[in-house]
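4 protein chains.
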Amino acid sequence: MSYHRDIRIEFNHCDPAGIVFYPRYFEMTNSVVENFFRDVLDYPFERIALEEGHGVPTVRLEADFTAPSRLGEMVRFTLALKRLGRSSACFAITGEHGGETRLRVMLTLAWTGTNGRARPWPEDLRRALAGHLHNEEGDR
Amino acid sequence: MSYHRDIRIEFNHCDPAGIVFYPRYFEMTNSVVENFFRDVLDYPFERIALEEGHGVPTVRLEADFTAPSRLGEMVRFTLALKRLGRSSACFAITGEHGGETRLRVMLTLAWTGTNGRARPWPEDLRRALAGHLHNEEGDR
Amino acid sequence: MSYHRDIRIEFNHCDPAGIVFYPRYFEMTNSVVENFFRDVLDYPFERIALEEGHGVPTVRLEADFTAPSRLGEMVRFTLALKRLGRSSACFAITGEHGGETRLRVMLTLAWTGTNGRARPWPEDLRRALAGHLHNEEGDR
Amino acid sequence: MSYHRDIRIEFNHCDPAGIVFYPRYFEMTNSVVENFFRDVLDYPFERIALEEGHGVPTVRLEADFTAPSRLGEMVRFTLALKRLGRSSACFAITGEHGGETRLRVMLTLAWTGTNGRARPWPEDLRRALAGHLHNEEGDR
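Residue numbers (numbering that gives the first Met the number 0), protein chains in the order written: chain A, 0 to 139; chain B, 0 to 139; chain C, 0 to 139; chain D, 0 to 139.
Think of the hints as simulated: they come from the structure by calculation, not from any bench.
All values derive from a computational prediction rather than experimental measurement.
Treat the hints with care, since some could be wrong.
Residues on chain C that point at chain A, a partial pick, calculated with CB under 8 Å [stated by the list, open to error]:
no., residue
1, CYS13
2, ASP14
3, GLY17
4, PHE20
5, LEU70
Note that beta-carbon positions come from the ideal geometry of N, C-alpha and C, so glycine has one too.
Here chain A stands alone, though its shape is the one from the complex (with noise of 0.2 Å):
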């Protein structure tokens, strides 16, 4: 029950050594968390930052990059849910081709207030996102 997203490596993410440049890679991670918002809990971007005025800003992340991609590459990648606390999120990304990883990424959110503090998610949000959780034991 992962989510899957192939972004196309195209020009804009690539510098001068043909590859993609890594913060191009975080505008790509965003944006797969940003359409699992969209496409899976149904509760996108725009309602969280135009309408209620919430955020859910990034507050921690360690990302490895095994291996580099080229431009041109359909690069897929999978996002997993592996923990869920009162405000926070993390969630494991990982984007491969061929066969093979390109990074791994651990990233963290919270749910933040119209103040930009911490709060908990709101109830329906939560529900949403535990029926998406991966447990240690394996992907339900």
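Use these hints to put chains B, C and D onto chain A, whose structure you have.
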């Protein structure tokens, strides 16, 4: 025979006013051109830039931003080839949402050799481009 | 009485050809305008966007990219106010390095109210802008 | 003997919440590393990437975003070299404003040969790096 491409306005495109920051629009127009070369002309940028060492730099553009685009909107980009020169091509690109034009861009590319200077289009690419030329009197 | 700003071409600006990717030029021209408002007009964007809820969106631009800029080069940007309308302003921005012009941009901004629609410039800002107007006959 | 660099938070860095969008922070950390190589090690990226065909890709990072940075703020970035391996280097980078830490990043680079694979540091670059190593017990 125009080429269309839908791009969702995501968080990374938007400024503190919640609307698209205009330099991001040019990442989008470049992506539209890039995918036109890939999907329609069958001449992807990785072939041009990495295999051949050629380029298709943008040498001139005019843009009108007629209405803002907001987070979450799906903007439909339409590309039409308007002029084909010996070593250049002029594309009209528009973006619209809900019947409202958001931007109109006229963009001139040049084909460049390995030394970065303008060169005549390769014959097969010129032929492919010519097949998509929209004449003044009306679209073919 | 032009405004100058030097910007080093860094890795994040460059494409697989090792030259500036043109959407990044517009991040630079926007930065030049932003710093002109901050340094010269004493009216920083955080005041406009965050405190007042106003905006200065770019509504039109024309750009000529006359020669590529390369990683490591310091490009000198020069901004001159060319026209001042009731709710708009037109700036000429050039970038050059080593005596060679790299880009020429003509860029029109509008002042917008809290509803996002064009509004007359605030009186103090208009006065500050008017003091930096370059007339057709020559720079004052 | 840390390296400092001040970066103004500009419009292009900020998201619809008016705070820095985290992928832009990595453009900043990359810029800090790039300028450290230029200013301190006297080994600029254009030499590495364009003249030599080598690279210094980021292979791993950890980041904590401890407080948001807002439009207009000047953020002071501090870089310290923490570990120097045969073909890698680990940098601690922090950003702070007004005495408040905004982010802490631990970032590992590798030196790569023309084939993109890790290679031992060139001797002169290794020597330059070693002179800036901060040991565990305290900064030299």
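Do the hints match the structure? See the list:
With a cut of 8 Å, the hint placing CYS13(C) at the interface with chain A holds, because the nearest CB-to-CB distance is about 5 Å. Taken as an interface hint, ASP14(C) checks out: its beta carbon lies about 6 Å from the nearest beta carbon of chain A, inside 8 Å. Of the supplied interface hints, the one on GLY17(C) holds, with its beta-carbon coming within about 4 Å of a beta-carbon of chain A, less than 8 Å. The closest approach between the C-beta of PHE20(C) and any C-beta of chain A is roughly 6 Å, which is under the 8 Å cut-off, so the hint is satisfied.
At a threshold of 8 Å, the smallest CB-CB gap from LEU70(C) to chain A is about 6 Å, leaving the interface hint in force.
This entry satisfies every hint, going by the numbered hints stated previously.
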